[in-house]
Structure formats: structure tokens, C-alpha cells
Amino acid sequence: MSEPRLIEISPVTRVEGHGKVTIHLDADGAVDEARLHIVEFRGFERFIRGRLLWEVPVIVQRLCGICPVSHHLAAAKAMDMIVGVDELPPTAEKMRRLMHYGQVMQSHVLHFFHLASPDLLFGFQAPAAKRNIFEVLAEHPELGRRAILMRKFGQDVIEATAGKKIHGTGAIPGGINRNLPVETRDALLEQIDDMELWAQNGLALIRDYTMKNLDMVKGFAAFASSYMSLVREGDGALDLYHGNLRAVNSDGSAIFDQLDYERYHEVLVEDVRSWSYMKFPFIDTLGPKDGWYRVGPLARMNTVDFIDTPLADAARTELLETNHGMPQHAVLGNHWARLIEVLHCVEKIRDLLHDPDLQGTDLVATGTRRHDGIGVIEAPRGNLIHHYEVDENDQVTYCNLIVSTTHNNEGLNRAVKAVAVRALSHQPTITEGMLNEVEVAIRAYDPCLSCATHALGQMPLKVEIVDAAGNVIHQRTRDA
Amino acid sequence: MSDFSFMIDGVEIPACEGQTILEAADAAGIYIPRLCDHEGLRHQGSCRVCTVKANGRSVAACTQPAAPDILVENENAHINKLRRDLVEMLFHEGNHLCPICEASGNCELQAMAYRLDMTEPTQFPYLEPCRALDASHPDIALDTNRCISCGRCIRASQDVDGKGVFGYVGRGIHRRVSVNGDTLADTDAEVTDFAISSEVCPVGCIIRKREGFTTPIGEREFDKALIGHDIEEKRDD
Ligand code: SF4
Ligand code: SF4
Ligand code: FES
Chain A
1 MSEPRLIEIS PVTRVEGHGK VTIHLDADGA VDEARLHIVE FRGFERFIRG
51 RLLWEVPVIV QRLCGICPVS HHLAAAKAMD MIVGVDELPP TAEKMRRLMH
101 YGQVMQSHVL HFFHLASPDL LFGFQAPAAK RNIFEVLAEH PELGRRAILM
151 RKFGQDVIEA TAGKKIHGTG AIPGGINRNL PVETRDALLE QIDDMELWAQ
201 NGLALIRDYT MKNLDMVKGF AAFASSYMSL VREGDGALDL YHGNLRAVNS
251 DGSAIFDQLD YERYHEVLVE DVRSWSYMKF PFIDTLGPKD GWYRVGPLAR
301 MNTVDFIDTP LADAARTELL ETNHGMPQHA VLGNHWARLI EVLHCVEKIR
351 DLLHDPDLQG TDLVATGTRR HDGIGVIEAP RGNLIHHYEV DENDQVTYCN
401 LIVSTTHNNE GLNRAVKAVA VRALSHQPTI TEGMLNEVEV AIRAYDPCLS
451 CATHALGQMP LKVEIVDAAG NVIHQRTRDA
Chain B
1 MSDFSFMIDG VEIPACEGQT ILEAADAAGI YIPRLCDHEG LRHQGSCRVC
51 TVKANGRSVA ACTQPAAPDI LVENENAHIN KLRRDLVEML FHEGNHLCPI
101 CEASGNCELQ AMAYRLDMTE PTQFPYLEPC RALDASHPDI ALDTNRCISC
151 GRCIRASQDV DGKGVFGYVG RGIHRRVSVN GDTLADTDAE VTDFAISSEV
201 CPVGCIIRKR EGFTTPIGER EFDKALIGHD IEEKRDD
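Same order as they appear, the protein sequences are chains A and B.
According to UniProt numbering, the first sequence is numbered sequentially starting from 1.
According to UniProt numbering, the second sequence is numbered sequentially starting from 1.
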């Protein structure tokens, strides 16, 4: 029998109020390093131990209130392996894909319209009272209305596949627990033309914004890096639900390619630093110093060979043209990439809704039990790895999760550092404008900080400057 | 054929000799909340969720015999408050995380909380038990953090299966349901036992392995209607 555990999921275990940044100076007073202190996820890895394997997809989705479906599906994929199922019945795989596209769509729409668009529409330096969704609604009512309806559409897709808009139960080990009734399908299809049009409009908005401000975008907290994501087996297309791992250098050349994700631990090593509970993964062959990489929407645009839906593919080509077809490194390019993916999801949802497999009744496959299982998915914020071991009593004995924000840990710190270097080059004090820029840089990565995802308007932030001797010489706090 | 009648909340209820108040009410399509009582099992009268007032006195409807001309109060704010307090205490005694529990939607305790309008279980201290999951049996698991000590499994195993897989241990507030062996794997429990069937354990304590979450949200028993609707529907006919 396993050790007794108390499972507690309470609001107090979530990250509190402020995102905390410390900026460390060297002996000459120049910026040495910037550290973003992020909530840790190790708690889940501990308390999932001893639970029963079919509970796992339902329990771990509670990691996040914004993209629970990603955790639900990554865990379900790992449990498919544990129950010995390598190929799901078509209805099950397609229902899960539908759920995932609905999820990526609603998460990206939330992020772009609700959190990022105020910065872009009103400018980073605009007063906080201005930079929020309510002002967007007041000044651009049609845009605001569409954002709400697009998010709702994505959530309706989730509800149709998982039973609830948030924290449902659709995916089970080896399959899915429902198919899609034709009435639900038809209700969704009725809205799909609007969704496609609005996704294109949103995309045009961010593209035009980026092109108009290209120098600023290319210079803002931007730096070259490696990238990693899943790509489709065989042709290297964008595939948010399943595929093999690919990592590319900053010039787009492959570091590893079409690597079965069950071998992730052969290429990725998780580094530990004394000041953070969050690990710093790096690509083993490149070492801890140079092996860091980024994941997420922009990373995916940089890693994949193409997108298998025509509108999104054309949009991706346009994005990459801003860097002559080479990987685009500008962190604000994530906003553009996010809208390309919204369009991709809408195109995918349309295709799936026309697929009669969604009304199939063969929902679950069975197989021979295995000891461990790995599930990898491209979550809205990037690559997401779930790894479990389960004993002969069906109880979890081991769990390792690498979430997108962990993959991006180094990139996030460097982005904050880039802002700090520029902002502090004249005076070692933290201005309101600098706080705004730190916020914009962090937000471009859309990290899974509750402070980043919950704060409409401004992110509660605490920034400290620490001198070479370790003394805090200046600090500034801003509440939501 | 009835032998006599009595009144529940102003409605005349026919009854036979030997029937309990609850049985007569069921037959007449009037639902009295209950947790430890279950059709086909011997009455135990321990949870007191079926409390009614008979001629002004609080009694357990599942064990109190129906009698000619008694006046029974069932549905009123005062009695439902008593019942809700009892249900709240059951939540506080165990460790109930409905969002991740596979019984959610099929659970009688949860359904009773909904029926009795229990919104926040906050008025009593939490006992926060931390009991190990027993998953030793190939087809059955036990999560006793969710057990409400109703004893339905004990009676089902003894009286229907003729086995004795479950029994009470301890006394008073420490009384708990336990298996007759170190773990469930040491007992002669089988997944085909009546005691293990979905109908016996009212909560998510007795788990039939590999069944969890296979019923989609919307199709679970209490997604459709409040607990007791099957009995109340008889009355509308
Ligand atoms: S047993 Fe019932 S009340 Fe307890 S957690 Fe499960 S669903 Fe909730
Ligand atoms: S295991 Fe279930 S049936 Fe048995 S006493 Fe506990 S709650 Fe009642
Ligand atoms: S149902 Fe009557 S005491 Fe439990």
C-alpha cells in the first residue's frame, strides 16, 4: 500500500499576487542577470503519486485554469501508453483533436485580445487605467465583441468534447467517453464562417501593427535562440496534438529531428538553480550554457516545415518573410504567431466538423498494460511533457512534468534582462515605464503565472535591484 | 392493498402492517432523503438523514414503523436544515474532492448536498483524514477518505453475498469501515459481488477499477435530475 497522502487543492497553494523580478548588478553596477521568480509545479508531481491511473487526466488538468485541456490530453496520451494503446479509434483521436483546437483557440484569443491587445492598441507607455480590456471594448466595441464570441466558440468546442467548458472529463485512457451529436456539430458549423473571418481580421490587425512597428518589434527584448516543438511525423507539418520532437538552431538548422518523444530525456536535461524551484531545461548536446531553447507559438512557426491548412500556411510564410524566411526571433512575434494558430485551429475545427468519424461509436481501445507512459502535446504556450510510471496496482509511482513555462524559463529571464539592460543603462532606478516594459516582455511569453493570466489590465509586479554585495538598493511594487 | 393510512405533510399515505414510514412514502411517490438505507438491504438507521417528525417527535423514517393516523412532517425548512447539517458533517469527516472524484455525478452524498442546498461546507471543522488508498485487488480499489460509514457494503456482503468482506472497527467517532484482512487483496471480494456493485456504495469509496470517468458529463445519474426524482416521478403518474 502506498504512503498516506493528503491531497489538497486550495487557492492558497497557487502563486500569490505579484510576479517577482530581481535584477542583479555586477561590481561595476551593470546588469549581470535578471531573475523571474515563478510558481513551481513540483507539488503536483508529488501528490499525484498513489492515485489511480484513470484519475490522472482529470486531476492534473487542475494545474491550470486557462489551458487545462492541454494537461488533460497530455496525461491521457501518457495513460494510453500505460494501458497499452498505441493507436486510438479514429473517433477518439479526432474528438481529442477537436477539443485541443478549441482549447488553443480560446486560450490564444483570451491572451491576445484580453491581455495583449490593450498594450498594442494603446501603447506600452499608456497609463494603466487605459491598458485594459474594458477600454478596448469602449474604443473598439466590435473587436471586443468578436473576441468574446471567439473565446466562447472555443469553449463551446471544449464543452462539446469534454462535457464542461473547463475541467471536463472527455479523454480517458485508451480513448474518449463521448462522440459528437449531429445537433452540436451543426450548431458549431453555423458559426464557423464568422470565426474564420474574425480570425483573419485579428491576424491582419497584428500583422499590420507589427509591420508598422517592425524596428521596435525586432528590437524589443529580442535575441536569437534555439527552438523546440513537436512536428508531424514524416512531413514536419505543424501538429499541435501529436508528432515527433524537433529542435532547431537560431539559423533554422536541425539540432535533432523527428525524435520519438518517448526519448525526450535523452536529449533534454533539467538544470537546477539555487534561487528557483523551477528547473532550467537544456539540450544535452549543447550543454547548460548554450543549450537553452524556447517553445511556444513563435517557436512552432520557426520549427515546422509548413502548416497543413492553407490560410494559416500563407500567414506563416508572411511572418517568416520579415526575417528573409529564417527563424523570427522577436519575442513580440509571438502575438502574430498566436493569431496564425487561431486561424489554423478554426480551419482544423471546420475540417473535423465535416468528418463523419466524429459520430462514430468505437470510442475506446484496449491493450496490454505497460509500466511507463509519456504524453507530449503542443499546448497554447508551447511544448508540454507528461511522464508517469504506474505500478501493477494501477497506482502512479512517478511523475515528471515539463510545462511550457519551464521550457521558456531561460528565455523569460533573458527577455527581462534585455529590458533591464536598456532601461537601467542611464539610472539605476526602476521607473513606471520600465515596469510596463518588463510586463510586456513577460506577457509575450504568456507564462503560466496566475498573476500574468488573471490580471486584466496591469500585472502585479515587484521589481528589485540587487547590488553585487546582495543588498537590495531599489525596489518598486505595483499592485493590480 | 393497504391496512391503514397516515399523513405526510398533509397527504394521505396508504401503508401495510410492518412497513416503515420510508417504505410507505416511497410506494406513494414521496421522497424522504436517506443515505444508509437502501432497498433490498436490512435497515440500519445510522445516518439520520431520513429524520422526520412523527407526531412532533424526531424519528428515523427508515426504521420507524408506519402507524395508523400518525402525522409526519417531511419537507420543511427546519427538518431540511437538520438533514443538511448531517450531510455537511459527513463532508467534514471525510476528504471529499468532488472535482477529481470518479463518483462525481453518480454520488448520493454529493447529490444529497445539492438537493438540500448545501452550498459551502464551512460551519464545522474539517477532520481531514489522510488514509491510504487500497488498490491491492486487481479489479477493486478502496478510497476510504470518502467513506461515510453507512454500512451498506457490510450488509450487502453479509446478507446478499454471504461473505463478510467488510466490517466496522473502532467505536464512537472512531468507528470506521474496514476490510476483513490486511488489504482488500487478502479478502474473497470479487468485482461481481453485490457489495461491490455501483448500487451499494453511495459514494466514491468502493471503486471498480477502469470504470472511472467512462460516463460522460451530462449522462451521469444526477446530471439529469435531483436525487429522489425516480420516487417522486411515481407520484406524477
Ligand atoms: S464521494 Fe461523492 S461527495 Fe465525496 S468526493 Fe466523491 S463525489 Fe464528492
Ligand atoms: S465503503 Fe461505501 S458502502 Fe461501505 S460504509 Fe463506506 S460509504 Fe458505505
Ligand atoms: S437512511 Fe435512515 S438513518 Fe440512514
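No wet-lab data here; the hints were simulated from the structure.
Any given hint could be a false lead.
Residues of chain B clear of chain A, computed beta-carbon distances all greater than 10 Å [stated by the list, open to error]:
no., residue
1, Gly18
2, Glu102
3, Gly167
4, Val191
5, Ile207
6, Thr214
7, Thr215
Derived CB-CB ranges, DEER-like [stated by the list, open to error]:
no., chain 1, residue 1, chain 2, residue 2, range
8, B, Asn76, A, Leu149, 54 to 64 Å
9, B, Glu120, A, Pro310, 47 to 57 Å
10, A, Thr397, B, Met89, 48 to 58 Å
Residues from chain A shown here face chain B by an in silico Cβ test under 10 Å; the list is partial [to be verified]:
no., residue
11, Arg46
12, Trp54
13, Val58
14, Ile59
15, Ile148
16, Leu149
17, Arg151
18, Gly163
19, Pro173
20, Val182
21, Asp186
22, Asp362
23, Ala365
24, Thr368
Glycine included, every Cβ here is placed at the ideal spot set by N, Cα and C.
Going down the list of hints, with the structure as the test:
1. Gly18: The assertion about Gly18 (chain B) holds, with a minimum of 43 Å to chain A.
2. Glu102: violated, 7 Å
3. Gly167: Nearest chain A Cβ is 19 Å from Gly167 (chain B), so the label holds.
4. Val191: Val191 (chain B) is indeed farther than 10 Å from all Cβ atoms of chain A, at 13 Å.
5. Ile207: violated, 7 Å
6. Thr214: Incorrect as stated: the minimum Cβ-Cβ distance to chain A is 5 Å, not above 10 Å.
7. Thr215: violated, 7 Å
8. B:Asn76 to A:Leu149: 54 to 64 Å: violated, 46 Å
9. B:Glu120 to A:Pro310: 47 to 57 Å: holds, 52 Å
10. A:Thr397 to B:Met89: 48 to 58 Å: With a Cβ separation near 35 Å, Thr397 (chain A) and Met89 (chain B) fall outside 48 to 58 Å, so the hint is violated.
11. Arg46: violated, 14 Å
12. Trp54: holds, 4 Å
13. Val58: Where the cut-off is 10 Å and the nearest Cβ of chain B is about 5 Å from Val58 (chain A), the hint holds.
14. Ile59: Because about 5 Å separates Ile59 (chain A) from the closest Cβ in chain B, which is inside the 10 Å limit, the hint holds.
15. Ile148: violated, 24 Å
16. Leu149: With a minimum Cβ separation of about 23 Å from chain B (threshold 10 Å), the hint on Leu149 (chain A) is violated.
17. Arg151: For Arg151 (chain A), the interface hint is violated, since the closest Cβ of chain B sits about 21 Å away, which is over 10 Å.
18. Gly163: OK, holds: Gly163 (chain A) within 10 Å of chain B, min 3 Å.
19. Pro173: holds, 8 Å
20. Val182: violated, 16 Å
21. Asp186: Violated, about 18 Å.
22. Asp362: This interface hint is violated because 14 Å lies over the 10 Å limit.
23. Ala365: violated, 13 Å
24. Thr368: Violated, because the Cβ-Cβ distance from Thr368 (chain A) to chain B comes to roughly 14 Å (cut-off 10 Å).
In this structure, the earlier hints numbered 2, 5, 6, 7, 8, 10, 11, 15, 16, 17, 20, 21, 22, 23, 24 are contradicted, and the remaining ones agree with it.
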